[in-house]
Every structure is written in structure tokens, then in C-alpha cells.
Amino acid sequence: QKEVEQDPGPLSVPEGAIVSLNCTYSNSAFQYFMWYRQYSRKGPELLMYTYSSGNKEDGRFTAQVDKSSKYISLFIRDSQPSDSATYLCAMATNAGKSTFGDGTTLTVKP
Amino acid sequence: KAGVTQTPRYLIKTRGQQVTLSCSPISGHRSVSWYQQTPGQGLQFLFEYFSETQRNKGNFPGRFSGRQFSNSRSEMNVSTLELGDSALYLCASSNTGYTEAFFGQGTRLTVV
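Line by line, the protein sequences give chains S and U.
First residue of the first sequence? That's 1 in my numbering, and the numbers climb one at a time after it.
First residue of the second sequence? That's 1 in my numbering, and the numbers climb one at a time after it.
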């Protein structure tokens, strides 16, 4: 079983929809939680970074971490065609190694 | 501020050859991590260097090695290339090594 499981997708939504992307994990030592966005033929780009349980908001993006359930989510409000990309969750321990989910490909249709 | 630079962007090699990839991190960042990305396996952690020392290592064979120089630039070497080594190799630069990592564009390696 993988340490990080990400909803595989692909996901296709109309412009303006609310998108929910989710990951679960099994390693209780994970303390840092990140979301990356990767456009085709590009490297991943850091979107959100959180340390503790709770919500963190940045514009149209909200990251949610529930350590008790070992579950993290990324919500995108008012989705735009430019949000079409692959989204990767990542988690890290204090030991300095990040583990990534396999990614969810999102398409936002105009 | 310049981003993470990886060279070369594309590479075609023959089975059995070796290859060296280069990564220049963001100025001031001391940690460089390397990842292999393939459609079937996703993003797999290779190793991380921090201040010229390998601090973490993933589950890859010894054919994969790396080093970091005093200016934080890093190189990754793959010896005796196999067809399965064809992938996008990404490096990530970070201040701490495990949070807020910034990725380069990657080197796409094709082994024929």
C-alpha cells in the first residue's frame, strides 16, 4: 500500500465550478502538507503549504488538513480554464523527505 | 530572482551508456532534491542533498548517484542506462529541504 493515495481522476468540470481534490495518507509522521500544480511539459509549481490541521486560504484556493483522519483536500473556487493541469499532493516528515501522490488531472471546460 | 535551472532539457542516450544531469538551485537555497517522474509511477524521490551532504535517499539502485557542490549546484549521474530509466528527471530547490520546494523544468531523458 502506498503511503500517499490520491484520487486518480481525471476530473472534468465546467468553468465556474467548485473543484475538490483529495489525498489520504498512512504515515502519522507526516507533518508538512503541500499541493503542487503541474502544467504539461513543466515542472510542478508549489500552490499551497500547510503545517497543521485546519484550513488555509489563498485567493480561490483553500487547503484543508485533517490529521485525525489522515486526509487532505484542495478546493478551487470559481474554476477557470487556466486551472486545467495535474495537481499533486505531497507530504513530508521532519526527516526531510517528501512523498508525492500520483496526481489528479483536472480539465476546466469553458 | 532566478528560478531553478536544469540542463540539458532533453537527452537521448543508448542502453548501457551513462548520463549526467545538472541542477542550479535558487540562490541561497542549500537543499536540492531529485525526482524521477514517469506516467506509471508518478513522482519518485531519488535523493536529497543539503550543504554538500546526501541527507535522504529513495529506493533506487546504486546506478543512480548524485553530488552537490559548494555553490549548491547539484549533479545526478545514472550509469549503465536501461530502457526503464526513460523519464522526466526533476530537481527541486528548497531552503529547508522538505517544505516549499521549487522545481525546475526537468530533463527529459529517453533511453533507446
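You may find that some hints are simply not true.
Label pairs and their computed distance ranges (CB to CB) [unchecked claim]: (1) U:R73 x S:K109: 38 to 44 Å; (2) S:Q1 x U:S86: 24 to 30 Å; (3) U:T38 x S:N22: 21 to 27 Å.
The calculated DSS-like cross-link candidates involving lysine-lysine, where the alpha carbons are at most 25 Å apart (straight line), are [what the hints assert, rightly or not]: (4) U:K13 x S:K97; (5) S:K2 x U:K57; (6) S:K42 x S:K70; (7) S:K109 x S:K67; (8) S:K109 x S:K2; (9) S:K42 x S:K67; (10) S:K67 x S:K2; (11) S:K56 x S:K70; (12) U:K13 x S:K67.
Hints were generated in silico from the structure; no laboratory data involved.
Since we're looking at a predicted model, the values are computed, not measured.
Here a beta-carbon is modelled for each residue, glycine too, at the ideal position from N, C-alpha and C.
Structure-inconsistent hints, enumerated in ascending order: 4, 6, 7, 8, 9, 12
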